[in-house]
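Whenever a hint applies, use it, and build me the whole structure from the sequences.
Number of protein chains: 2
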Amino acid sequence: MLIVDIVKKHEPITSEEIAAKLNITRAALRPDLSILTMAGILEARPRVGYFYAGKNPKGLISEKIRSIKVSEIKAVPVVIREETSVYDAIVTLFLEDVGTLFVVQEDGSLCGVVSRKDLLKIAIGNADIKQVPVSVVMTRMPNLVTVTLDESAYDAARKIVEHQVDALPVIRPKEVDGKQKYEVVGKVTKTTITKLFVELGKD
Amino acid sequence: MLIVDIVKKHEPITSEEIAAKLNITRAALRPDLSILTMAGILEARPRVGYFYAGKNPKGLISEKIRSIKVSEIKAVPVVIREETSVYDAIVTLFLEDVGTLFVVQEDGSLCGVVSRKDLLKIAIGNADIKQVPVSVVMTRMPNLVTVTLDESAYDAARKIVEHQVDALPVIRPKEVDGKQKYEVVGKVTKTTITKLFVELGKD
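Quick note, the sequences are listed as chains A and B, same order. Residues in the first sequence are numbered from 423 upward in steps of one, following our numbering. Residues in the second sequence are numbered from 423 upward in steps of one, following our numbering.
If you are wondering where the hints come from, they were derived from the structure by calculation, not from laboratory data. Since the structure is predicted, the reported quantities are computational estimates derived from the model, not experimental observations. One should not assume that every hint holds.
Because identical chains share one entry, a pair is satisfied inside a single copy or across any pair of copies.
Derived EDC-like pairs (lysine to aspartate or glutamate); straight-line CA-CA distance at most 20 Å [stated by the list, open to error]:
{"id": "1", "residue 1": "Lys624", "residue 2": "Glu584"}
{"id": "2", "residue 1": "Lys624", "residue 2": "Asp577"}
{"id": "3", "residue 1": "Lys543", "residue 2": "Asp519"}
{"id": "4", "residue 1": "Lys624", "residue 2": "Glu573"}
{"id": "5", "residue 1": "Lys539", "residue 2": "Asp510"}
Written out as structure tokens, the structure is:
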């Protein structure tokens with residue numbers, strides 16, 4: 423479409439300039455411009471001119487995915503203490519039907535993450551898994567990949583893919599005895615993202 | 423916007439009918455209709471009338487997600503034979519760094535799926551995992567949740583969520599000795615969906 427193409431190429435552009443390019447009067451152009459503006463294809467800014475505002479599908483999808491916050495999608499984390507035995511951790515994993523457990527200290531602050539993979543590795547070794555605490559097999563702070571409530575679903579999914587982990591703890595900073603610690607306020611997992619994907623795909 | 427609202431409400435509607443509703447002539451309406459049609463907001467079908475064609479972001483996202491085929495996103499499946507021991511299956515899981523193994527018969531046809539969860543459950547039991555074959559712990563045909571190449575990414579994600587599984591085998595039917603069997607030609611996992619989500623979120 424001619425007008426839209428001109429605006430795309432020359433934005434910001436005034437109605438006088440568009441009319442000149444089309445070799446028509448401003449009066450003849452006015453109805454077209456007002457329809458295109460009302461339809462959301464062009465955007466008019468007073469004393470500046472017209473901008474192209476039409477979004478392509480790809481841009482809209484990316485914008486939507488980046489606008490969803492971790493706080494809107496986070497799931498409930500299952501938490502264990504660092505003294506818990508590997509055996510008890512595995513039992514908790516099955517009882518709660520989750521793939522990842524978050525490990526906390528006495529004051530409730532996050533100190534580690536233990537996955538099905540970590541537990542499977544030790545379970546086939548020769549260790550007595552009723553004696554070994556999860557703190558021996560967990561991934562430990564500060565090596566954890568985490569996410570905060572105000573990051574986006576896209577940020578969380580990108581971290582999961584880049585760091586090849588199944589789950590991220592959603593953390594909130596807190597100070598304990600003058601030290602910087604983190605509270606676990608949720609989790610985002612591959613399941614969370616898959617559920618969100620299904621939600622977005624619904625009619 | 424008045425014209426668009428009329429079309430939305432009464433589609434399909436002819437230009438005569440729209441002009442009558444607005445109490446203007448067809449000639450006065452024509453430029454507006456042609457702009458709206460060229461802009462993709464209305465769709466004109468000869469001898470039928472005008473339809474509303476404008477898509478909202480939600481509709482576009484859902485349409486896009488449903489248009490992506492399993493054949494475009496499937497990952498490479500790791501396959502083992504049903505006689506493989508649980509111990510060797512776990513070793514394969516770690517070597518290949520996957521969460522699910524697909525179990526095949528001698529003729530290569532799919533007979534089961536074994537997950538990290540299945541393997542962890544048997545690993546903490548009292549069984550000798552070097553003697554027990556995976557066929558004892560796997561989920562078996564016909565209880566498998568599967569997907570085909572021409573289904574959509576949305577279909578696959580929905581099955582993963584509904585059936586609470588980590589991975590789906592992508593199957594293709596084949597006939598062996600007059601029996602209906604299935605070849606494993608790929609997999610779709612929560613990781614596949616999470617990667618696709620990141621891809622869609624990219625600028």
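Outcome of the hint check:
1. Lys624 <-> Glu584: Result: close only across copies, 14 Å inter versus 27 Å intra.
2. Lys624 <-> Asp577: Between copies, since 10 Å is at most 20 Å while 22 Å is not.
3. Lys543 <-> Asp519: both (19 Å within a copy, 12 Å between copies)
4. Lys624 <-> Glu573: This pair counts as between: shortest inter-copy Cα distance 15 Å, intra-copy 24 Å.
5. Lys539 <-> Asp510: both (15 Å within a copy, 15 Å between copies)
Comparing the model with each earlier hint shows no violations; every hint is respected.
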